[in-house]
Amino acid sequence: MSIKRFFPNTRPTLDLNFAATKRIDPRITYTRASTGTFVDLNGLIQSAAVDQARFDHNPTTGESLGLLVEEARTNLLLNSATLSTQSVTVAAVANTLSFYGTGTITLTGVGTAGPLVGTGVNNRVSLTFTPTAGVLVLTVSGSVTNAQLEAGAFPTSYIPTTSATATRAADVASITGTNFSSFYNALQGVIYAEFSATTTGINSAGGSAFPFVYHINSAGAINSEHFLVASNGYGPGIGPNTQVLGVPQTIIDNLLVVTTLGNLTVKKTAYGYKENDFGFTLNASTVLTDTLGTVPSTPDRLCIGNQNLSGNIFTGTIKRLTYYPIRLPNAQLQALTAN
Amino acid sequence: MTNYLRFSDEMTFCSTAHMAGFYNEPEGNNPGGYIQYTHDHAMDIVGILYNNDAVVDPETLEIITPATPMEGWHVNFIGTLPDGWDRLLVAPRNPCRMFA
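Sequence order for the protein chains is A and B. First residue of the first sequence? That's 1 in my numbering, and the numbers climb one at a time after it. First residue of the second sequence? That's 340 in my numbering, and the numbers climb one at a time after it.
Just so you know, not all the hints are guaranteed correct.
Facing chain B, according to a computed beta carbon distance under 8 Å, are these residues of chain A, among others [stated by the list, open to error]: (1) THR29; (2) THR89; (3) ALA169; (4) THR294; (5) PRO296; (6) SER310.
I should point out that these hints are in silico values taken from the structure, not numbers from a laboratory. For glycine and all other residues, C-beta sits at the position ideal for the given N, C-alpha and C.
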């Protein structure tokens, strides 16, 4: 018996291997209304221009992590490159403080968590805390560089500031029109997604608990869609959904696999759809199936790391996104997602 | 180019954004909310801005007097402004917050 028989004979019609190619496929429309930063192969922070995609790396190992997609965040600190003591007005929500260096930041005023103590010039440390609303005083001692204070329950990529606070806009990516219809089969298919979630399943903006890894939907038919969420709304965990005109077509609203989010471990998922034949697996776990339901007939776009090009933005890195135009057998879904 | 906008208050911004199509009603898993980012626009809802006038006790680092709020509800916007939003434009000499 050959193990080869468990892998698909059908070739994917879309294979976005971001981690390997470190490039944006020309079929993708990608925008970000601000500059952004990422970690390069050597572990150094680099800047990307407006609308330039970012391909992130593990700062320790240099491993290519894929396309960096992040929700919008604001660095509330001034002159962040080399931080000095300052006071900041904050809201009563989860905030995350981070920096590089060997110094210390002590919090007083409306927040007294910490102190946050640095561990090295090239190491980023972070502290998440919830202050009361008002003025937070950050007292700096020693070397504190590339510092960031952002509303949100987890740190995101560094946002440099000088004399004003600065907002990094959200990353928005999609494939539409003939670029979409040329690879997509409405009747059946498999979507493979390999990614690492920085998000803990809750966006900072609006408190949404459903960050979308991908969303296949249509401009004309509301909620006729396939999608995958890294969600704190159920679980927390990772799960797909198929809806037709707002009616869930899977046995439960989400075929969710409970798993830890925000720990940067790579998740491999495969979701197969066909009328009365749905299947989902995470990291080759037992395939969750459903044998009753229809599929949307009108999708016209693939949104990468967001819902409907406008919200529920995923935060993390997408290593690979692949589409097969047939419903592969469940054993092959497992083979695709095995380590 | 960033457009710096000042609405009179949060409610006014909310209704104006709704009329301009920058608001999603809650539906299903979607809790609704402002459409802050698309391929065609970016909208950073700054909200209330504060003057840099908080007074902190240098010895205890306790707040003696909190910062005072500036007038209005502030939004930074990139993209084509909806009809009528140009009257909300302001030109801060030293913006407190900007797009990176």
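Right, here's what the structure says about each hint:
1. THR29: At about 6 Å, which falls below the 8 Å cut-off, the nearest Cβ of chain B leaves the hint on A:THR29 intact, so it holds.
2. THR89: holds, 5 Å
3. ALA169: holds, 4 Å
4. THR294: violated, 17 Å
5. PRO296: violated, 14 Å
6. SER310: holds, 5 Å
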